[in-house]
Every structure is written in structure tokens, then in C-alpha cells.
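Number of protein chains: 4
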Amino acid sequence: MNTKPNENVPSNAVGFIGLGNMGHAMARNLLAARLPVKIWNRTAAKGDDLVATGAVRASGIADMAGCDIVITMVSDDAALCQTLFGGGLLDAMKPGAVHVSMSTISVALAEQLSKEHERRGVALVCAPVMGRPDAAVAAKLFILAAGADAAIDRCQPMFDAMGQRTFRLGVEPKSAVVVKLSVNFLIAALIESLSEASVLVTKHGVSMHTLVDLLTSTLFSAPVYKTYGAIVADQRYRPAGFPTPLGLKDMSLVLDAARGANAPMPLGSLIRDHLIAAMALGYADADWSSLGAVVAHNAGIR
Amino acid sequence: MNTKPNENVPSNAVGFIGLGNMGHAMARNLLAARLPVKIWNRTAAKGDDLVATGAVRASGIADMAGCDIVITMVSDDAALCQTLFGGGLLDAMKPGAVHVSMSTISVALAEQLSKEHERRGVALVCAPVMGRPDAAVAAKLFILAAGADAAIDRCQPMFDAMGQRTFRLGVEPKSAVVVKLSVNFLIAALIESLSEASVLVTKHGVSMHTLVDLLTSTLFSAPVYKTYGAIVADQRYRPAGFPTPLGLKDMSLVLDAARGANAPMPLGSLIRDHLIAAMALGYADADWSSLGAVVAHNAGIR
Amino acid sequence: MNTKPNENVPSNAVGFIGLGNMGHAMARNLLAARLPVKIWNRTAAKGDDLVATGAVRASGIADMAGCDIVITMVSDDAALCQTLFGGGLLDAMKPGAVHVSMSTISVALAEQLSKEHERRGVALVCAPVMGRPDAAVAAKLFILAAGADAAIDRCQPMFDAMGQRTFRLGVEPKSAVVVKLSVNFLIAALIESLSEASVLVTKHGVSMHTLVDLLTSTLFSAPVYKTYGAIVADQRYRPAGFPTPLGLKDMSLVLDAARGANAPMPLGSLIRDHLIAAMALGYADADWSSLGAVVAHNAGIR
Amino acid sequence: MNTKPNENVPSNAVGFIGLGNMGHAMARNLLAARLPVKIWNRTAAKGDDLVATGAVRASGIADMAGCDIVITMVSDDAALCQTLFGGGLLDAMKPGAVHVSMSTISVALAEQLSKEHERRGVALVCAPVMGRPDAAVAAKLFILAAGADAAIDRCQPMFDAMGQRTFRLGVEPKSAVVVKLSVNFLIAALIESLSEASVLVTKHGVSMHTLVDLLTSTLFSAPVYKTYGAIVADQRYRPAGFPTPLGLKDMSLVLDAARGANAPMPLGSLIRDHLIAAMALGYADADWSSLGAVVAHNAGIR
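Heads up: the protein sequence lines correspond to chains A, B, C and D, in order. Numbering-wise, numbering that gives the first Met the number 0 puts 95 at position 96 of the first sequence, and it's gapless, one number per residue. Numbering-wise, numbering that gives the first Met the number 0 puts 0 at position 1 of the second sequence, and it's gapless, one number per residue. Numbering-wise, numbering that gives the first Met the number 0 puts 19 at position 20 of the third sequence, and it's gapless, one number per residue. Numbering-wise, numbering that gives the first Met the number 0 puts 21 at position 22 of the fourth sequence, and it's gapless, one number per residue.
These are computed hints drawn from the structure, not numbers from a lab. Check the hints yourself; a few may be wrong.
Copies of the same chain are indistinguishable here, so a pair counts whether it falls within one copy or spans any two.
Stated by the list, open to error - With a straight-line cut-off of 20 angstroms between C-alpha atoms, the simulated SDA-like cross-links for lysine to any residue are:
(1) K114 x S220
(2) K202 x A107
(3) K45 x A78
(4) K225 x F166
(5) K139 x A232
(6) K248 x A107
(7) K202 x E171
(8) K139 x P244
(9) K248 x E117
(10) K202 x R235
(11) K45 x R301
(12) K45 x D148
The model shown is predicted, which means the values in this text are computed figures rather than measured ones.
Use the sequences and the hints to build the structure in full.
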């Protein structure tokens, strides 16, 4: 990897804010693609190795002012609002610049930001991702992007550096958020359904592995059934790929978005209740597939 | 196809009772494989074409007495009990013969029959199938078989004639029924989850087709998501591939089996409630994916 | 109590079949009201003390042939069918006689019996009761009666001897069953709601007793809130006033009746699922208010 | 009523902020009890008649600075935060003064305010009320109060002027909020259960009035069953005593409080889903008992 590429930081560096597990790997892949990157993170040390491989460290959030594109990959609505408003990012960005929000945020916030950005002439692209940290490291993320076509076009080289494929989901930025939340809902629904099927077959003397083999050999031959089928069959809820509290956060975002649109989602409610039970039953540190533990518990299986 | 192969009915003809949509196609495939077949159906005319291609018509249920293997493919528990006990099949069968029950029946009945058959020295193989009538015609069924290994071995040539693959699910006959019901439950759960995701994205301005394309291009690349994703996206609930009342019947069998094992299945209950609503809202003649119509209704979408 | 009143059994004796906890107390109250009673029970010894106080023991179910009115108070649908058809009661009864079914049976069976009785010229009165065994002993039952007015008129002296009040619910016998099941559903719903409120307040540091006192002092000043509020607040699920398996049986009858009418009852389903969980979690010998234990369990309270 | 009593406003006037339907009636009753009252409302005209009968109008929220006791009766969390922080009430109040929050707010806000008030030496009493506007007019509210005993003692004369009874629910202010939300949850649960019972009996040919008469004559002889039993039986959801959107708001507060304590409330979720459906089906202007309309709708009853 190049060691001293950015002594003169180009004015067109990509800003990147938020260097958690996901963000760090994503920023590293931007660098690996020889894109100039300017980073900022609340805990600065998280970016040391990136600086060592060519990233420029911003002196503060407002120091992203010169960037044409600023990516945020922060933990939740509150962190994003703090970055944009508290930290002053939005007012610092120049008209015509693009803010790419890659976190999973609420639909309501995406709606609000559409207006705030438009008022300031800053383009908003919402681009949450599908994939766990290992997919981020391998640049194998699926990127779900929504916003003005021209704005997404400008982001495409970055998306190509971080992901295996970009899906364009419309011109309303919130569309990408809605789709991302729907995907997570569908995964959770699948885990819940496998969990209930598991207690049914197990209590009648059939191994869940037998059922999973059958499923993935026939109609349900999708990666997600293989992954979660094995987890549920083995009751292996640790280590956490996607921890229960994050799952609960996302299901709450799903239900908030649904309520905002007057759309009842009773299965969403059921999943949320089971995730709350998982928290109560000691699975706060486990994977959100601990839905299976809750279902087993209620069937008297420990 | 051979026209006059069975003038002398071999004593080892396969008995086949129940010539509905599924059963008729299955019996035809047995004949096509040059297996001797003796048929019986409440409405005799349903078998006329099979007789024309070589099947022997039994004079009554008890006339299956000489068959080494008798397959039943009738509509429900009541019809099977009527055949076995009212019609006298079970008492007529000779010790050492095999009864292959290919209907979707209740787990409780499978448990009861295990005892009744054992008492009479008749082997019971439960072998419900996955696949709709077109798969039955094409001999592409998946056959889920459970029972004594030796008994299944004897049925294997027939299964090969009717299906694309046989899964052996254990020595307890009820195991196949439990697995079959679980598969149907998982399909229904998938329809419900797609339906709820559909109202969420639709009400936020995203086409359900967009979501389905994304799903089937990524983690959910299974036939069942393609099939039902398209149905839900198009709200195309007619014609019925698997009618709402049959779906409701199967979900009731799922919940009965779960209750019998003290296993709560709240998602199963939710699906059953929605299928009942589908009946009430005018979808009795539609496909069980009219779950999607119920979910849409409750979101004010008509 | 009179000791030798019935030496000559009058032909118009009231037949009484089923001497469990409830039935025994009810038959005793008929005798106490100086009504001639002819009894039968599968376990004859249960009626010995009644014979000692004047009841006549029938030699068999068919020996009720001469009675103008026969009351059945048996455990469930199967027992009632066994009595009526297996035991031959219905064919033995004379045209114009009245069969009073006081058990909680399924609505479907009530519908079927309406036809069977009518065909034989026997009047059917369904008259399930509200009240636990102590209310039966004290002749304080509420009697929910439905059937032809003239038939109920003939039963009124018996009802007056067994209960504190009779509610006439229509001429269709099943109406009384539907109402009885609805009442039990409403009680279960109330227990579930109190159980959920209990974990909410308890986890936020408020005693459930405080909430119950408030409720029963204001809008919810009904006996049923006092009774179950205290049970839930104390988590005192034993001894069983109405055992979990009977509660589960009744909720299943509710859901069967609802399905029969294409009426989804999602709260009914939720309660049934929680009762199944109660069975799985070790409350089969406890009161059906162990719904509260299930709710507490899922909140991590043991 | 006295016409010119407060020419010299006493320094100990009670501050009252929020003159909606409820607040206006409550402030009027304070005046009727000859308590000195200083009012403020966003729309000043709402207080004109109160000024005419002796209330003093504050020049702004901060003008409540001199009051020993300030009551807030505003619409929701946002309005209360705006009053306390945006409007500067909390910083304006003198140490030792009492803020009485009578709105139904979130448990999380009550927890946060406990800390904010304590830091400033202002006592916080949460005192939400039970009762509709007509009860507020008649001074027949039930007042649910929690906070330091000495602080509640100082409020007691005001509570006596506004309500028929005060319940003291502990020293943690949030306790009153938790109890108030629980009461509303229990009322909603009761409406849901009556609605489901209603479709069951109606579809089987029994009038819901018949069931309600039975209930309120026996175990369920509480005002709340009479009120809502009649509404559900008549399907009379307008005019709105407590509108659907407010019911939905409160059920969301219930579920937020439950989630905050890791307590699943599946019946709470079911009710919330049905209220969302009521919004979607056109009952936004109706009473929250339009839960009954949703249940009927799903049973095919229009």
C-alpha cells in the first residue's frame, strides 16, 4: 500500500466521519482504492492506522468544510444529529456538496434531513449497507442508495471501493432507509419463524438440523436460511454477529416508520416483544437470533 | 404410453386411493413408470383415463386386500379415517403390507395410526409431499418420508416415479408430517413478512418490486421469495395455487401439533388469525397469499 | 335434610348424569329442594351420599328413559357424545322430554345436537353455568340458558334450586354456549391485562397492590378485578380455582367457535399461546391465572 | 362568584399553564375554590373568561417566577419540554417551589425531570388525572400523585378543588405516570376484549347487548364495562370522548415505558397495532373505542 500519497491533501478529499467497526473498514477500503480521505472520529485514536496509510485527520467536524463529499457512518439518530447540528457539519458544508449518510437511521430523520439539506443546497444521499463487519473489510457490502441521480453518480467510485454492488432505490433519500429497515425486518421474521419451527419439530422428536437440510435443499436455498438455520439448530447465540440491542433498535425504527405511515405490522410487534424478552432473559450480549432462545424458553426448553 | 399392459393384474399391484388433482397425477406417473396400479376413488369417473392406460379399478376399498403397498392421497383426517376404518382398508390389509399415507394429516392422527397399524402388523409410512399440482404432473414432487427403513425401501420405486427426490426423516411416521407442516408454516411466515414489508415500503413511496428485486439478488435468493415476492408485489391473489381454506386447515394442524407438544407458536397464531380474516374479507376462493390482502386492508390500502 | 322421601320414585324424576365437583353439588341442591332425582355417574361411588339423602340410582344411562328432564354435567365434548350416543341416552329419551346440557361444550357440538335432538323430538336446553365449586355448593351459580322458552320454563324449578339467577339467552341452544365461552374469554383477557400491567409497574418500582387498590376504588370496582388483581399481585397461582388445562381447553373452544364464524380473535390467540407456555413452564397444576407467571417470566421476573 | 378578588395578586398565587379542555376546567375550579391563580396559555384568549372571574394573566412563562406552586397541563412531552426549558419555567422557579406536572407524559421524561428539578432545588410532583373533560368540569377527577410527601401536602388544597379523590402513589414522581399509563392500558385492553367478544357472539346470532347486560349484572359490574360495553354494542364510535390519536399516543408511551424496563407487553403491542389500523381505516376523528371497528372489520363486519 502506498505510504506517503497525500502530503498535499487534495481539496476534493472524501470526508469520513465515524470509525467504528464498520466505518473503519469502509474508510480503509477507500484508501486502498487510492481515494483521498479526510477522517474524523470522536475517539481520534481509532483513526491512527488510517492516517499511517494516507488519511488526513480533520481538526474537527467543521474542518470537513472543503470536502465535496462527506460520508457519515455513526451509531444512531442522536449521533448523526450531533454531528450535523451540534458539530456544525451541515452549516459548514458548501452548497453543491454531497452528504452521504450510511448509518441506519430513522425514516423520520431522513425526511427531516431532506428538508434541512435542501434548504442549504447540500445534496443528501442515504446509503445504508447490508453486510456485517467481515463484509465491510472484504469490500463486499451491498450498498442501498437513494437520492438525486447526479449526487449518487458522484458517490459511485466510493461505493465501488466499499461494496460489491450498489442498488439505486429512488430519488427520495428516505427510500434507502425504508428498504434497509425492511430487509432487517425480513431477516428477523425469518429467524422468528425458524425458531418456532424448531421447537415444533424438536418437541416431536425431529432434529432441527434435519429440517434445515431439507429447507436449504429445496425451496429455501438462500444464504440467509443457511446462516440462521444453523444458528437456531445449534442454539448458538454467541458470539454476537448483530447484537440483540441493535436488533431491538432496528425493529423499533421499523415500527416507528410503520406508525408514521399508519401501517400496522403485527409481526414486527411480535419480534420486538421477543427481542425485549431476550434482553430481559439475559441475552443482551448475544446475537439477535436469541429470538430463538425466547421461543424455546416459552416452550419450556432451556 | 403402453395401452394394454396389465391384463393380468399382478398380485403385487400398488393400491392407490384418492384421485384428486394431486393423486390423479401421481397415479398416472406410477403407470408411466410401468408399475402395476390398482385404483379406487369415491367418484369412480375420475379414474377412467387411468384405467384406459392400464390401471385396474378396485371394486371397493376392501378390494385392496391383496396389495403389498397401498397409497392413500385423500383430503384430510376425516377422509383418511373413513378410508381406513369406515371403508375397512386397515382390517383388509395383510400383515407385512405397507400403507403409505401421502396426505397432509394431523400429527395426532399419525400418532394414533402408528399404534393401530402396529397392532395389525401393517407398516405405516407417512410420506406427504411438497409441490403443487403442476409439480405432481411433472413428477417433480419432493417426498418427505418417515417410517421403518425397510418399508420405505419397498416404496422407493414408487417415490422415484412420482417425485424428484425423497427425504428420509426418521422411523417415526409422524416425523414426516411434522416436517411437512413446518415447511408450510415457514412459507406462510414468509408470505406474512413480505406482506408487512410491502405495506411499509409502499406507504413510504417505494415499489414492492424494487424491494423484491433487491432481496432475490442478495441474501434471499430462494425460489420461494421469487414466487411469493411477485405475488405480493402484484397483489395477484387469484387464481389460487393453494387456496386460503387449505392454508387455514394446515395452519390449524400446525397449531394443534404445537399445542400437543406444549409449544407456543405466536407467529403461527398470527398467521392463522390473518387467514381467518382473509376468509371473512372475501378471499375464500383466493390463494393463501391473500394474507397480503389482509395486511394491506389493515393499512387502509384497498 | 329429609331421609326417606323417595321410596316410590316418581316417574317425573329429574335425571342427573355427571357427579364431578360441580355436578355433585348441583344434584345435592336439587335434592335439598325436594325435587326427585335419579342419578348416574361413571364412578358410581361418587353418588353414594346422594342416594343416602334420597336420590335414586339409575342402573345405566338408558335407565333415564322415563325422565321428563335429564341434566348432563360431564367434562367435555367427548364425554357428552359418549353419554348421548355411546351410552344411548338420546335414543332412550322419550319425545317431548328435555335434555339440559350444563357442561361447557363446543359451539359446533351444540349446533350438531340441535339437529340430532330435533330429529328425535327431544328438546335441547344448553345451560352452562358461571361459578366455581363453592358457588355450586351454595346454590349461587349463574345459569346461562338457551333453548325453546317452554322447555326452559319446565327447567326453571331446577335452575332455581341450583343457582342464584337464570339468564335466558335465546331460543338457539348454542347461544348459551357462545355467551359462556365469551365470559371466560373476557376473564382471561382481564387476567392477561392485569399481568402485563403488573410487570410494567413492578419494574418501575410501584407495587401491584397499589395499582389494584386504585383500580378497584375507581373505574374497575368489579368482583372480578378484586379476585384476579389480588392473585396477580401476590403471584399466588396455587391452589388452582380453575386449572390451567381447563382454561386452555376453554380458550381453544373460543377460538374454534370464532374460526367457525370467520372471526379472528387475536387476543384470544395470545391468551391461548400464554396458557400453552404456562403448561410448558410447569403450571399445569396451577390456576389459569398463571398467565401472570408467563408474562413475568418473559420480563425476566422469576 | 367573586368578581374582583385579586386586585393585589398574592405572591402565593398558583401558576397554571395549559388551558386546553382539561386545563381550563381545572383552573376554573381552583378559582371557584377561592384560590389565587395566575394563568398562561399559548393562545391567550383561552383564558379571558378566567381573568374575568379573578385569574391574573402572566406576561410570559417566566413571569411564574414568584409562584410557590406551578401546575402544567400541556399536551405532551414536547410541549412540557418547551415550557420548562424553551420557555424558561424551570430556571425561573425559585428553590423550594413545587412544579406539578398533570399531563400524561413519558416515563422517561418523568425520570429526566426528577434529576433536572432536583439539581435546581425545585420539587417535582407528577399528578396525572383520570377522567374526561366533563369530570374535570364537575371537579370529579381522580388525581394520581407522586413525589415528596411534603410537596404533595402543599398541593392538596388544589387537588381537592379539582378532583374527588387523590391517590398518593409514592415518592418517585414517575410512579404516578406509570400508574396512569397502566390504567389507560387496562381500559384499552378491556375495549379490545369486548370488541373481540362482540364479533364472536354477533356472528353466532347473539346480541352484544345481551352479553353486556349479563356481564354488568354479574362479575363485571364496573362503570368501565357499562360505558364501553354500550359503545361497542352500539358501534357508536363518534363523538370521540378520547380520540384515537391520543389513545395511540398513550399506548406508545406504555410500550416505551415497558421497553425501558425490559418488559414485553404483547397485548399492549396488539392494541397499538389495532389503533394504528383504526387511523388507517378512517377513525382518526373517532373515539379510541374504534378498536371495535378494526376488530369488526377483520371479521368482515362493516
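Structure-based check of all given hints:
1. In this assembly of identical chains, K114 and S220 lie within 20 angstroms of each other by CA distance neither inside one copy nor across copies; the values are 42 angstroms within and 36 angstroms between.
2. When the C-alpha separation of K202 and A107 is checked against a cutoff of 20 angstroms, the pair qualifies only between copies, where the shortest distance is 13 angstroms, while the shortest distance within a copy is 43 angstroms.
3. Within a single copy, K45 and A78 get their C-alpha atoms as close as 17 angstroms, which meets the 20 angstroms cut-off; across copies the closest is 40 angstroms, which misses it.
4. Taking CA atoms no more than 20 angstroms apart as the test, K225 paired with F166 passes between copies only; the shortest distance there is 18 angstroms, against 24 angstroms inside one copy.
5. For a Cα distance limit of 20 angstroms, the shortest separation of K139 from A232 qualifies neither inside one copy, at 27 angstroms, nor across copies, at 28 angstroms.
6. Taking the closest pair of Cα atoms, K248 and A107 come within 20 angstroms of each other both inside a single copy (14 angstroms) and across two copies (16 angstroms).
7. Proximity of K202 to E171 under the C-alpha cut-off of 20 angstroms is restricted to the inter-copy arrangement: shortest distance 13 angstroms between copies versus 48 angstroms within a copy.
8. Taking the shortest alpha-carbon separations for K139 and P244, neither the intra-copy value of 25 angstroms nor the inter-copy value of 44 angstroms comes in at or below 20 angstroms.
9. Taking identical chains as interchangeable, the C-alpha atoms of K248 and E117 are never at most 20 angstroms apart, the minima being 28 angstroms within one chain and 30 angstroms between chains.
10. Taking identical chains as interchangeable, the C-alpha atoms of K202 and R235 lie at most 20 angstroms apart only when both belong to the same chain, with a minimum of 18 angstroms there against 29 angstroms between chains.
11. In this assembly of identical chains, the alpha carbons of K45 and R301 never lie at most 20 angstroms apart, being 40 angstroms within a copy and 42 angstroms across copies at closest.
12. Neither within a single protomer nor between protomers do K45 and D148 lie at most 20 angstroms apart by alpha-carbon distance, with minima of 33 angstroms and 50 angstroms respectively.
Against the hints set out earlier in the document, violations occur for numbers 1, 5, 8, 9, 11, 12.
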